[in-house]
Amino acid sequence: MELCSFLTLDSFITDPLTHDFMRKALLMSSLVAAVCGFLSSYLTLKGWALMGDAVSHSVMPGVVVAYALGLPFSLGAFIFGVGSVALIGFIKQKSRVKEDTVIGLVFTGFFALGIVLVSRIKSNIDLHSILFGSPLGISLSDVKQTIFISLLVVILLSIFRKDLMLYCFDPRHAKTVGINVFFLHYLLLTCLSLAAVVGLQSVGIILVVAMLITPGATAYLLTDKFDNMTIISVLSAIISSVIGIYVSFWFDLETGGSIVLAQTFIFLFAFLFAPRYGIFKVKKLFTGYK
Amino acid sequence: METTNYQNFRIDAENICVDYNGKVALYDANLRLKPGQICGLVGMNGAGKTTFFNALTGFVSISKGKIRINGESVRSAQKDQTIAYVPQNEGIDSQFPINVWDVVMMGRYGSMNILRCPRESDVQAVKDAIRRVDLTDHLSTPIGNLSGGQRKRTFLARAIAQRASILLLDEPFSGVDIRTEKLISELFIQFKNEGKTILLSTHDMIHVREFCDLVLLINKTVVAYGETSEVFTPENITTTFGGISPDFLFGPES
Chain A
0 MELCSFLTLD SFITDPLTHD FMRKALLMSS LVAAVCGFLS SYLTLKGWAL
50 MGDAVSHSVM PGVVVAYALG LPFSLGAFIF GVGSVALIGF IKQKSRVKED
100 TVIGLVFTGF FALGIVLVSR IKSNIDLHSI LFGSPLGISL SDVKQTIFIS
150 LLVVILLSIF RKDLMLYCFD PRHAKTVGIN VFFLHYLLLT CLSLAAVVGL
200 QSVGIILVVA MLITPGATAY LLTDKFDNMT IISVLSAIIS SVIGIYVSFW
250 FDLETGGSIV LAQTFIFLFA FLFAPRYGIF KVKKLFTGYK
Chain B
0 METTNYQNFR IDAENICVDY NGKVALYDAN LRLKPGQICG LVGMNGAGKT
50 TFFNALTGFV SISKGKIRIN GESVRSAQKD QTIAYVPQNE GIDSQFPINV
100 WDVVMMGRYG SMNILRCPRE SDVQAVKDAI RRVDLTDHLS TPIGNLSGGQ
150 RKRTFLARAI AQRASILLLD EPFSGVDIRT EKLISELFIQ FKNEGKTILL
200 STHDMIHVRE FCDLVLLINK TVVAYGETSE VFTPENITTT FGGISPDFLF
250 GPES
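Chains as they are written, first to last, in numbering that gives the first Met the number 0: chain A, 0 to 289; chain B, 0 to 253.
Read the hints as simulated data drawn from the structure, not as lab findings.
A virtual CB, placed ideally from N, CA and C, is assigned to each residue, including glycine.
Heads up, some of the hints might be wrong.
[Stated by the list, open to error] Derived lysine-lysine pairs resembling DSS-like cross-links, with alpha carbons at most 25 angstroms apart: (1) B:Lys63 <-> B:Lys181; (2) B:Lys126 <-> B:Lys191; (3) A:Lys161 <-> B:Lys219; (4) B:Lys219 <-> B:Lys65; (5) B:Lys22 <-> B:Lys219; (6) B:Lys22 <-> B:Lys65; (7) A:Lys91 <-> B:Lys78; (8) B:Lys191 <-> A:Lys93; (9) A:Lys143 <-> A:Lys91; (10) A:Lys23 <-> A:Lys143; (11) A:Lys224 <-> A:Lys143; (12) B:Lys65 <-> A:Lys161; (13) B:Lys22 <-> A:Lys93; (14) B:Lys63 <-> A:Lys91; (15) A:Lys224 <-> B:Lys126; (16) B:Lys22 <-> B:Lys78; (17) B:Lys65 <-> B:Lys78; (18) B:Lys219 <-> B:Lys191; (19) B:Lys33 <-> A:Lys97; (20) B:Lys33 <-> B:Lys22; (21) A:Lys93 <-> A:Lys45; (22) A:Lys224 <-> A:Lys280; (23) B:Lys191 <-> B:Lys78; (24) B:Lys219 <-> B:Lys33.
[Claimed, not checked] Label-pair ranges, simulated between beta-carbon atoms: (25) B:Gly242 <-> A:Phe268: 39 to 47 angstroms; (26) B:Asn20 <-> A:Tyr185: 18 to 26 angstroms; (27) A:Asp125 <-> B:Asn20: 41 to 49 angstroms; (28) A:Asn179 <-> B:Gly242: 41 to 49 angstroms; (29) B:Met43 <-> A:Thr100: 27 to 35 angstroms; (30) A:Phe279 <-> B:Gly242: 51 to 59 angstroms; (31) A:Ile146 <-> B:Lys22: 31 to 39 angstroms; (32) A:Phe264 <-> B:Gly147: 32 to 40 angstroms.
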């Protein structure tokens with residue numbers, strides 16, 4: 000198949016791989032996508048989309064402070080991510096303001112603090128790469144951090160996979176059979192903060208929430224089994240990352256935006272054509288399956 | 000297994016109070032149940048029935064009073080798999096991507112290792128539980144595709160698989176078909192014979208008369224508690240339901 004006179008499908012795929020930065024970007028983004036996709040199933044089922052949005056925006060001042068102090072930016076991001084969640088919980092408990100309002104005001108406050116800090120600290124912080132991600136310009140130390148955090152999250156989620164599923168499904172039963180629900184709650188929040196930290200490298204702070212909710216939502220439309228949902232979520236996240244990076248390479252588009260758009264298209268596809276829950280219920284057309 | 004030990008109660012709740020952010024949901028509530036007893040928990044919506052369940056399962060902490068389960072703390076009871084809770088159908092997300100087998104297997108989680116890998120004994124317990132509620136044909140059916148009655152039976156099977164000695168059931172008869180109602184009635188008799196203690200909340204007064212040895216009438220606190228024949232009087236019921244006549248609830252013959 001020829002895309003244009005000089006470009007075949009073969010070279011469409013292989014040409015970018017000749018560049019070191021592209022290989023690195025593809026590997027890193029796929030790893031990040033897998034982590035976010037794994038977590039995404041839980042967030043979707045727990046109804047924590049807004050919490051994902053909050054945490055991912057709240058890491059902004061942490062990233063800026065860490066950059067200014069020469070610390071690993073993941074450390075700063077993690078502290079502020081968890082801090083925002085603690086603050087949301089505290090304000091909710093101590094005031095009559097409703098939860099969604101508290102979430103909205105805390106994360107915008109944190110985000111604003113981050114932006115103000117960037118303007119105050121005249122350093123070489125690249126605001127653009129924080130906001131929109133820079134998978135093509137990822138440094139070696141960032142690679143190490145990303146691999147370490149990703150493995151940590153995947154191991155934690157794998158160990159507590161079934162407990163977290165039960166926690167999302169029926170926390171009261173979990174408590175009744177002696178499972179530590181408090182621990183699971185904070186485990187999920189910790190994984191969320193960590194995933195936001197690695198996710199922001201690929202797509203940036205503004206769009207990282209998409210990495211955390213879209214793959215799970217897509218998978219939710221496609222299956223009735225939790226394990227399959229996790230697999231579909233991870234695969235759709237990885238595929239979107241690869242598509243996004245290729246598209247951004249060939250058409251010179253913003254990488255983070257391209258990745259998220261690819262995810263959105265896959266979701267729309269599932270929304271329209273999912274065998275059971277899609278608008279057109281494709282399988283039913285052919286088999287009468289209800 | 001008839002172990003009527005009068006010193007040890009299965010459930011012993013003494014003067015318990017629960018409040019949510021300063022708002023009192025339940026106060027000075029008492030309950031004592033022995034093995035093999037079935038007790039009906041009757042009250043209006045918002046009278047504290049679910050709060051009572053939450054306190055017994057340790058899902059909310061009590062601000063005053065004492066709860067002893069088999070003479071031990073609620074925490075120990077959780078570890079020992081002593082209490083099983085069967086939620087109302089409305090209390091669960093029926094769209095959750097999970098099938099009957101996996102829900103019932105959750106009854107075994109508390110006695111499995113940290114990865115929750117089922118052993119042969121867990122698989123057997125789940126199979127037996129599913130057979131007892133007559134859902135063997137629906138092992139891999141997602142819970143979203145079940146009828147209300149089948150879903151109720153799934154959660155009953157989870158409680159059976161847990162092998163708990165105390166069963167707490169929130170509205171076990173609401174929204175179920177006749178077949179499920181009959182099956183639940185039969186199970187109650189079996190549970191009683193096995194020496195299990197059952198506390199069930201219900202809106203249906205007929206069921207209280209039919210199954211419950213004891214009845215606990217609550218309206219934020221205990222209005223009356225005792226043998227069904229003595230306590231379940233029109234006066235007490237009227238007090239429990241804030242002045243609504245029992246004629247309205249039972250029909251004129253009561």
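Consistency of beta-carbon spacing, tyrosine 185 (chain A) to asparagine 20 (chain B), with hint 18 to 26 angstroms: Since asparagine 20 (chain B) and tyrosine 185 (chain A) have Cβ atoms about 21 angstroms apart, the given range 18 to 26 angstroms holds.
Hint consistency between lysine 65 (chain B) and lysine 78 (chain B) [alpha-carbon to alpha-carbon, up to 25 angstroms]: 18 angstroms, holds
Proposed proximity, lysine 93 (chain A) with lysine 22 (chain B) (alpha carbon, max 25 angstroms): 13 angstroms, holds
Pairwise hint evaluation, lysine 91 (chain A) against lysine 143 (chain A), where the allowed Cα distance is 25 angstroms at most: Violated, at roughly 37 angstroms.
Given pair status - lysine 161 (chain A), lysine 65 (chain B), alpha carbons within 25 angstroms: 33 angstroms, violated
Status of the given 31 to 39 angstroms range, CB of lysine 22 (chain B) versus CB of isoleucine 146 (chain A): Once the Cβ atoms are compared, 49 angstroms apart, the range 31 to 39 angstroms for lysine 22 (chain B) and isoleucine 146 (chain A) is violated.
Restraint status (C-alpha distance of lysine 22 (chain B) to lysine 219 (chain B) at most 25 angstroms): Judged against 25 angstroms, a Cα distance of about 11 angstroms means the pair holds.
Hinted pair lysine 219 (chain B) and lysine 65 (chain B), Cα distance within 25 angstroms: Measuring from Cα to Cα gives roughly 17 angstroms; hence the hint holds.
Distance restraint between lysine 33 (chain B) and lysine 97 (chain A), which requires alpha-carbon spacing of 25 angstroms or less: Judged against 25 angstroms, a Cα distance of about 43 angstroms means the pair is violated.
Given pair status - lysine 78 (chain B), lysine 191 (chain B), alpha carbons within 25 angstroms: Given that 25 angstroms is the threshold and the Cα spacing comes to 23 angstroms, the pair holds.
Lysine 93 (chain A) paired with lysine 45 (chain A) [C-alpha distance capped at 25 angstroms]: 23 angstroms, holds
Verdict for glycine 242 (chain B), phenylalanine 268 (chain A) (Cβ pair) under range 39 to 47 angstroms: 58 angstroms, violated
Checked against the numbered hints listed earlier, the structure breaks hints 1, 3, 7, 8, 9, 11, 12, 16, 18, 19, 20, 25 and 31; every other hint is satisfied.
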